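Given chain L, work out where chain H should sit, using these hints.
In order, the protein sequences belong to chains L and H.
Heads up: the first sequence begins at 41 in our numbering, then just goes up one per residue.
Heads up: the second sequence begins at 41 in our numbering, then just goes up one per residue.
No lab work stands behind these hints: they were computed from the structure.
These figures come from a predicted structure and were not determined experimentally.
Relax, there's no trap hidden among the hints.
Covered by chain L, per the in silico footprint, the following chain H stretches (three or more residues, Cβ under 8 Å):
(1) 116-124
(2) 157-167
(3) 350-361
Facing chain H, according to a computed beta carbon distance under 8 Å, are these residues of chain L, among others:
(4) Lys124
(5) Ala156
(6) Gln160
(7) Met322
(8) Leu324
(9) Gly327
(10) Asp353
(11) Asp355
(12) Asn369
(13) Asn373
(14) Ala374
(15) Glu375
(16) Gln422
(17) Val424
(18) Asn426
(19) Thr430
Don't be surprised by glycine CBs; every beta carbon is placed ideally from N, CA and C.
Number of protein chains: 2
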Amino acid sequence: MEHIDEIISSRWIVPVVPDQTILHDYALVIHQGKILDLLPQADATKKYQCRQSYHLQEHVLIPGLINSHTHAGMNLLRGYADDKPLMDWLQNYIWPAEQKWGCDEFVADGSLLAAAEMIQSGTTCFNDMYFFPEATARIAQNTGLRATIGLIVVDFPSNWASTTEEYFEKGLQLYDTFGQYPLINASFAPHAPYTVSDEPLKRIAALSHELNIPVNIHLHETLDEIPQSQQQYGLRPLERLDKMGLVNPSLMAIHMTQLNANDIALLADKGAHVVHCPESNMKLASGFCPVAKLVDAGINITLGTDSVASNNDLDMIGEMRSAALLAKNVSGNAESVPAEYALRMATINAARALGMDSTIGSLEIGKQADITAIDLNNIATQPVYNPIATIVYSSRAEHVSHVWVNGQILLNNREFCTIDIESAIKKGQIWFDRMNPEKSIPATQI
Amino acid sequence: MEHIDEIISSRWIVPVVPDQTILHDYALVIHQGKILDLLPQADATKKYQCRQSYHLQEHVLIPGLINSHTHAGMNLLRGYADDKPLMDWLQNYIWPAEQKWGCDEFVADGSLLAAAEMIQSGTTCFNDMYFFPEATARIAQNTGLRATIGLIVVDFPSNWASTTEEYFEKGLQLYDTFGQYPLINASFAPHAPYTVSDEPLKRIAALSHELNIPVNIHLHETLDEIPQSQQQYGLRPLERLDKMGLVNPSLMAIHMTQLNANDIALLADKGAHVVHCPESNMKLASGFCPVAKLVDAGINITLGTDSVASNNDLDMIGEMRSAALLAKNVSGNAESVPAEYALRMATINAARALGMDSTIGSLEIGKQADITAIDLNNIATQPVYNPIATIVYSSRAEHVSHVWVNGQILLNNREFCTIDIESAIKKGQIWFDRMNPEKSIPATQI
Chain L
41 MEHIDEIISS RWIVPVVPDQ TILHDYALVI HQGKILDLLP QADATKKYQC RQSYHLQEHV
101 LIPGLINSHT HAGMNLLRGY ADDKPLMDWL QNYIWPAEQK WGCDEFVADG SLLAAAEMIQ
161 SGTTCFNDMY FFPEATARIA QNTGLRATIG LIVVDFPSNW ASTTEEYFEK GLQLYDTFGQ
221 YPLINASFAP HAPYTVSDEP LKRIAALSHE LNIPVNIHLH ETLDEIPQSQ QQYGLRPLER
281 LDKMGLVNPS LMAIHMTQLN ANDIALLADK GAHVVHCPES NMKLASGFCP VAKLVDAGIN
341 ITLGTDSVAS NNDLDMIGEM RSAALLAKNV SGNAESVPAE YALRMATINA ARALGMDSTI
401 GSLEIGKQAD ITAIDLNNIA TQPVYNPIAT IVYSSRAEHV SHVWVNGQIL LNNREFCTID
461 IESAIKKGQI WFDRMNPEKS IPATQI
Chain H
41 MEHIDEIISS RWIVPVVPDQ TILHDYALVI HQGKILDLLP QADATKKYQC RQSYHLQEHV
101 LIPGLINSHT HAGMNLLRGY ADDKPLMDWL QNYIWPAEQK WGCDEFVADG SLLAAAEMIQ
161 SGTTCFNDMY FFPEATARIA QNTGLRATIG LIVVDFPSNW ASTTEEYFEK GLQLYDTFGQ
221 YPLINASFAP HAPYTVSDEP LKRIAALSHE LNIPVNIHLH ETLDEIPQSQ QQYGLRPLER
281 LDKMGLVNPS LMAIHMTQLN ANDIALLADK GAHVVHCPES NMKLASGFCP VAKLVDAGIN
341 ITLGTDSVAS NNDLDMIGEM RSAALLAKNV SGNAESVPAE YALRMATINA ARALGMDSTI
401 GSLEIGKQAD ITAIDLNNIA TQPVYNPIAT IVYSSRAEHV SHVWVNGQIL LNNREFCTID
461 IESAIKKGQI WFDRMNPEKS IPATQI
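So that you can see chain L by itself, here it is in the shape it has in the complex (with noise of 0.2 Å):
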């Protein structure tokens, strides 16, 4: 008998590599962060002997969920401002909110909520792009879960650096204390095209190159940003970053609403990555990503839930569940986006896009146990035919009941073990009464 540290045992595991594969009462062998073996149930007890073991019987295990394009620090804005387009909400709610309140105490408890509403439904890992990195990463790595961490660049002044040079001098110190977060990596994050000049974008065309970590940028999000940057560049907002070389497979083009057949090619040819964030480009109206012809382009496409302010949650299951319903209606094609490829967008596509697909996305031998366990047997999920499309189209986030990151459980039976939940929502509580909520309620009272 070998000594080990965890085995979970469940109805259903389905380790989404390889594809379409669903086992039965199978084990998951844990020791030392990470998988051992993956085994029928029967056979594990007679191999291996552990030392915590769970036995879930109406669950499916799946690779925990990585949500690609975040801003957890905003978690205290969730419902600041709705039914808004894009640029107004921006400029008018969103930034001006900033201004006031952003600093790292405000990010910290945003993130820290944020961190439990993504615990709580089954994320493990979160690619995140925000003023005041420091304190998510921090919040994070605290919470046990795992980020790529966004060192945001953008032409105008915040709360958190005033000048470009200023968000270089600091994305890069923070950058040199990430060896202290072994949950943490980093990626560079200009905010956007029409926000960030071309002397700051080369600069981080180089250094993503130098570091080797991704470049995460909003990307034709909306109609508008294509014509201004063709009159102001001559150039597609893409083949302006394409100039500058940051078309290759470190750039992960978040939204990507507005893409031409040239556009397709060229995120194609050169192995690009595109960040779909249905609910959130629904919400503020920004347009329809073709997930379809993406896919048939051999693009390799993941998902985001975007922040709370414009989703307005981080619920990876329920972005499965839009993706997969909505990029059958804009393909007009039922087969688009099974639910077999929305639970890829979300996993192992996603660490591919992270570039650690060697580590984590699947239920595979010799990566990290980053596991999510769903409870099946509820009123809403019943009967189970396929338990891949029971996931994506009829379970929920409440239904997630177990969430490990590294081997570590950071939830037991929808209990917290990293976080003092009270504590946190208290700390939001009085960031809200601070914030003046009356102003941003339009209704009337009676």
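Only chain H this time, still in chain L's reference frame:
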């Protein structure tokens, strides 16, 4: 002090009528199944003495949600076939399964699970169309749910009736028994213009007028039915129904994804209602209902989930969210279908379409006490700047805590009061085992 049945005090009350109203720290006073008063909590305790009181400190009360399009008897077919277009899905999966399994017991046991799912997610009334409608009526009445039960008519034989004449006979017989079911109303439910010929449609037009009950029909659901109708009848389906006198305020036109300007003008002119089913339309790739245009034309729009075989849930909170998000991107206007309007679609608009807006659909004095309470004190719903936006954009089915119909409590702090849920689930599992599920699992098992 006046003696009354119940007082429900809540942090927020959104009565829906009047529009744009959020009441803080108010109480609903319930007596003999009706709303007797709506007043500040402090006044309620002075004025009334009640047998039962509820203090919902972090909750919002809304009118019970109305699902305008269900096939409750299909709940055992959730996930039976996914990622298929409408006609393939119907002809190769759903119709054969119905032919094999359809019977009173199948529909009753499915409807019981549907009732549980609806109650658990805040629905108090549903508008159903299915075979063996007596089974669904019985279940609704026994579980305390309000329902409008469709008297189905279709040209082809089913396990329920062999000839068109038999559909009418059985339907009208059933209609006569509804006096025994105080919570049940009737409607006519011709399946679709491509499955019901002129003769029965004309008879339905006459009977609907005579009995003063609504007519539900799947209409302009997919593109294909339009040229097919033009070829067969020389008319678009809606024009054909109009010719037979069916386009009037009794018509609930379900789906309506294919609409030209004439269609919209006709619907508006005749006062017909549109039942929008955004999730089912997306899942079957049926097309986009132009909701914003319908709103602009003054058409009354309600919301339905369709069955769990094409959704795959009966969650009206999720459906409001999908409707609000999708409408913005379809219209290109982020102000389309704001949260407040999404809530109206699922409450007062639906009551109006069902001809019941004098008794349900809003929390007004004199109306029946059909009420849903949603707990907004969750990680995923904080902070609450505007409770209506929080309901639509952030809350989920599991946040529904209490449900009342006619003042009778059906869900009390998430516990079912009228359903033996263990037994309901067991019945479902017996069916599932009988139905040989392997057949419909497309994925490989190792």
